[in-house]
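Number of protein chains: 2
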Amino acid sequence: MPAVSDLARRLLLGDVRALARGIRLVEERDPMAEGLLRRVLAHTGSAHVVGITGPPGSGKSTLCDLIIECWRRENHRVGVIAVDPSSPFSGGAILGDRIRMQRHSGDADVYIRSMAARGHLGGLASAARNAIRLLDASGRDRCLLETVGVGQSELEVMQTADTTIVVTTPSSGDAVQIIKAGILEIADVFVVNKADQPGAPRVAKELREMVHSARFSATSLHGRQSRGEWEPPVILTQAVIGDHVDELVDAIDRHREMLSITGELVRRRAEQLRAEVEAIVVERAAERARKVLHGETMAAMLKGDLGSIDPYAIANQILEQGAEG
Amino acid sequence: MPAVSDLARRLLLGDVRALARGIRLVEERDPMAEGLLRRVLAHTGSAHVVGITGPPGSGKSTLCDLIIECWRRENHRVGVIAVDPSSPFSGGAILGDRIRMQRHSGDADVYIRSMAARGHLGGLASAARNAIRLLDASGRDRCLLETVGVGQSELEVMQTADTTIVVTTPSSGDAVQIIKAGILEIADVFVVNKADQPGAPRVAKELREMVHSARFSATSLHGRQSRGEWEPPVILTQAVIGDHVDELVDAIDRHREMLSITGELVRRRAEQLRAEVEAIVVERAAERARKVLHGETMAAMLKGDLGSIDPYAIANQILEQGAEG
Numbered sequence: 001m002p003a004v005s006d007l008a009r010r011l012l013l014g015d016v017r018a019l020a021r022g023i024r025l026v027e028e029r030d031p032m033a034e035g036l037l038r039r040v041l042a043h044t045g046s047a048h049v050v051g052i053t054g055p056p057g058s059g060k061s062t063l064c065d066l067i068i069e070c071w072r073r074e075n076h077r078v079g080v081i082a083v084d085p086s087s088p089f090s091g092g093a094i095l096g097d098r099i100r101m102q103r104h105s106g107d108a109d110v111y112i113r114s115m116a117a118r119g120h121l122g123g124l125a126s127a128a129r130n131a132i133r134l135l136d137a138s139g140r141d142r143c144l145l146e147t148v149g150v151g152q153s154e155l156e157v158m159q160t161a162d163t164t165i166v167v168t169t170p171s172s173g174d175a176v177q178i179i180k181a182g183i184l185e186i187a188d189v190f191v192v193n194k195a196d197q198p199g200a201p202r203v204a205k206e207l208r209e210m211v212h213s214a215r216f217s218a219t220s221l222h223g224r225q226s227r228g229e230w231e232p233p234v235i236l237t238q239a240v241i242g243d244h245v246d247e248l249v250d251a252i253d254r255h256r257e258m259l260s261i262t263g264e265l266v267r268r269r270a271e272q273l274r275a276e277v278e279a280i281v282v283e284r285a286a287e288r289a290r291k292v293l294h295g296e297t298m299a300a301m302l303k304g305d306l307g308s309i310d311p312y313a314i315a316n317q318i319l320e321q322g323a324e325g
Numbered sequence: 326m327p328a329v330s331d332l333a334r335r336l337l338l339g340d341v342r343a344l345a346r347g348i349r350l351v352e353e354r355d356p357m358a359e360g361l362l363r364r365v366l367a368h369t370g371s372a373h374v375v376g377i378t379g380p381p382g383s384g385k386s387t388l389c390d391l392i393i394e395c396w397r398r399e400n401h402r403v404g405v406i407a408v409d410p411s412s413p414f415s416g417g418a419i420l421g422d423r424i425r426m427q428r429h430s431g432d433a434d435v436y437i438r439s440m441a442a443r444g445h446l447g448g449l450a451s452a453a454r455n456a457i458r459l460l461d462a463s464g465r466d467r468c469l470l471e472t473v474g475v476g477q478s479e480l481e482v483m484q485t486a487d488t489t490i491v492v493t494t495p496s497s498g499d500a501v502q503i504i505k506a507g508i509l510e511i512a513d514v515f516v517v518n519k520a521d522q523p524g525a526p527r528v529a530k531e532l533r534e535m536v537h538s539a540r541f542s543a544t545s546l547h548g549r550q551s552r553g554e555w556e557p558p559v560i561l562t563q564a565v566i567g568d569h570v571d572e573l574v575d576a577i578d579r580h581r582e583m584l585s586i587t588g589e590l591v592r593r594r595a596e597q598l599r600a601e602v603e604a605i606v607v608e609r610a611a612e613r614a615r616k617v618l619h620g621e622t623m624a625a626m627l628k629g630d631l632g633s634i635d636p637y638a639i640a641n642q643i644l645e646q647g648a649e650g
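As they're listed, the protein sequences go chains A and B.
Number 108 in the numbering used here belongs to position 108 of the first sequence; there are no gaps in the numbering.
Every number in the numbering used here is 325 more than the matching position in the second sequence, counting from 1.
Read the hints as simulated data drawn from the structure, not as lab findings.
All of these numbers come straight from a predicted model, not from anything done at the bench.
Any given hint could turn out to be false.
What the hints assert, rightly or not - Far from chain B by the CB rule (all over 12 Å, computed), these chain A residues: (1) Glu34; (2) Arg72; (3) Ala214; (4) Arg269.
What the hints assert, rightly or not - So the derived list for chain A, only partly shown, Cβ under 10 Å to chain B, looks like this: (5) Gly57; (6) Glu257; (7) Met301.
Stated by the list, open to error - Below are the SDA-like pairs computed for lysine to any residue, each with C-alpha atoms no more than 20 Å apart in a straight line: (8) Lys628(B) with Leu41(A); (9) Lys628(B) with Leu273(A); (10) Lys628(B) with Gln272(A); (11) Lys303(A) with Leu366(B); (12) Lys291(A) with Glu645(B); (13) Lys303(A) with Arg592(B); (14) Lys303(A) with Ile586(B); (15) Lys303(A) with Leu598(B); (16) Lys303(A) with Thr369(B); (17) Lys303(A) with Gln597(B).
Heads up, the beta-carbon is just placed ideally off N, CA and C, and yes, glycines get one too.
With the hints as extra help, turn the sequences into a complete structure.
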């Protein structure tokens, strides 16, 4: 595939158009995407991937904007994947919110890309992960992965991050809901934004107590390793006036250092890779099953006596013989 | 396996203890369960499986109780699988509610069994489906499958039913929520219970309008075939005093006849079998992947340079070579 190797070559050189094309391929699940990824994988792993999630209107995009600004001052090359939720209703508002980040669009060292769910949840996590790989391979050493909300698909997307920031506000509901949504287990840094609103210190206090007691409880629900000495900090910010965002960027840096010094980075990424391979296996097995199950042989069988069909035997046949079975 | 063939033989003769043991095997995902199912499958398919779902407190158990009574009057042999939701909080209330059905427990021709989710959702649908098969094989020609709520796992469980009844009440929230939850697509009969409560006629009217307009819209989201001439009836009942329950039982009978006359029964069951095989394939592929991914070879690889690991290649190896790969 000369087209793919040429695309990979240009992408590795930092060509923005090649990057855009590559991300489109992974987003559209184009068969070429796999070949492209295979060619660039060896050049990935050096970018620090920061996930940021929180409810709509919590000020994530403003925070992202300021984080990007800090990173650019330190001459980092930045990639951003903004994942849109599947709901068609909130689309407009969220896109509007993200316009803020677009002020960096004139900067060739900031690449921002939106990615929509299109009702294909598992696919979204995989597309986001591969898009981050391409950003990494193209020399972006700081990547932001932004999602909205705390649903299952957002949690999956967040499993791509090295450092996960959870943004909340005094008005986004009480802290207990955060535990329920499984967020406590994935957060490495908490931000209480809109710190000028009433109740902000109380929310921060509650979060700190939760974080502290969670450290001493059993292994997290999401199979992540214990964080060792890391206790997720809770940072009060006021993003609209840029207040305390430097503290946030500092916490991200400290977390990155901790990950690297303790070997936690390698452990986390190994765990992510395991989860990714399992997801690919499951998806391909399902595809294979659908192919067999909607093939002619099966259609004929399903017209006969259904009681004579052993679903377990057919499942095993599909697994052993593949799509030809 | 002499134990399994003996168990199968006794189960086919209608032995209740063999039935109980068999259901326990499928619930516990015991390796023996598969052999048992294989031996009895040819004797299944004649039972009419009625699913019944709705929010807690909507009176499902009282309705089940009365349906069982009607069936017993017609000398049917009855099996009931009551699926408990995974939430540990509602457990007590629901069990209490089900005590009502236990008045049939002295009747050897009514077999009632609760089944808990235990945080294993996919497994619950499969266990419920197999338990129904065992009831069917043991000569129960009418089976009830009761679930609470309308979550994803309940929808999966309901896909085992030939006829699905959705129970609502004037106070369980507006009808629009029913569409959202994907319930409209699976319901064959709607019941508005507690018909004496204010708003009951309005809820029934809204449901009838929804059902009517849905019939003329595109194919359902859940891939089910169009229902042809069947327009799901909306029945107002007052289960506590037994009002209009005969109408419900009559609707169930009419639906069963329609399924059988039009060939829709075979089509539905073929589609269910396809979905079941796909689920088994996916589950086994995931198991196989986990085995490989947590094996020694993989652990060693994941300690090295992660960038050199191609997740797609490993996934394909797992799919092609199996658990030995």
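Here is what the structure says about each hint:
Not every C-beta of chain B lies more than 12 Å from that of Glu34(A), the closest at about 5 Å, which undercuts listing it as non-interface. For Arg72(A), the requirement that its beta carbon stay farther than 12 Å from each beta carbon of chain B is met, with the minimum near 26 Å. Its beta-carbon lying about 19 Å from the closest one in chain B, Ala214(A) satisfies the requirement of being farther than 12 Å from that chain. Annotated as non-interface, Arg269(A) brings its C-beta within 12 Å of a C-beta of chain B; the closest such distance is 5 Å.
For Gly57(A), the shortest C-beta to C-beta distance to chain B is roughly 23 Å, which exceeds 10 Å, and the interface hint is violated. The beta carbon of Glu257(A) comes no nearer than 19 Å to any beta carbon in chain B, farther than 10 Å, and the hint placing it at the interface is violated. The closest approach between the C-beta of Met301(A) and any C-beta of chain B is roughly 9 Å, which is under the 10 Å cut-off, so the hint is satisfied. Among the hinted pairs, Lys628(B) with Leu41(A) is consistent with the structure: their alpha-carbon atoms are about 16 Å apart, no more than 20 Å.
Using a Cα cut-off of 20 Å, the hinted pair Lys628(B) and Leu273(A) holds, with the two alpha carbons roughly 12 Å apart. For the given pair, Lys628(B) sits about 13 Å from Gln272(A) by alpha-carbon distance, which is consistent with the 20 Å threshold. At most 20 Å may separate the alpha-carbon atoms for a hinted pair to count; Lys303(A) and Leu366(B) meet this at roughly 16 Å. With a C-alpha separation of about 16 Å, the suggested pairing of Lys291(A) with Glu645(B) holds against the 20 Å cut-off.
Restraint check: the Cα-Cα separation between Lys303(A) and Arg592(B) comes to about 8 Å, which is no more than 20 Å; the hinted pair holds. Taking the CA atoms of Lys303(A) and Ile586(B), the gap is about 15 Å. The hint holds against a cut of 20 Å. Under the criterion of a C-alpha separation no larger than 20 Å, the hint pairing Lys303(A) with Leu598(B) is consistent with the structure, at around 12 Å. Restraint check for Lys303(A) and Thr369(B): satisfied, since their Cα atoms lie roughly 16 Å apart, inside the 20 Å limit.
Restraint check for Lys303(A) and Gln597(B): the C-alpha separation of about 13 Å stays at or below 20 Å, so the hint holds.
In this structure, the hints that do not hold are numbers 1, 4, 5, 6, in rising order.
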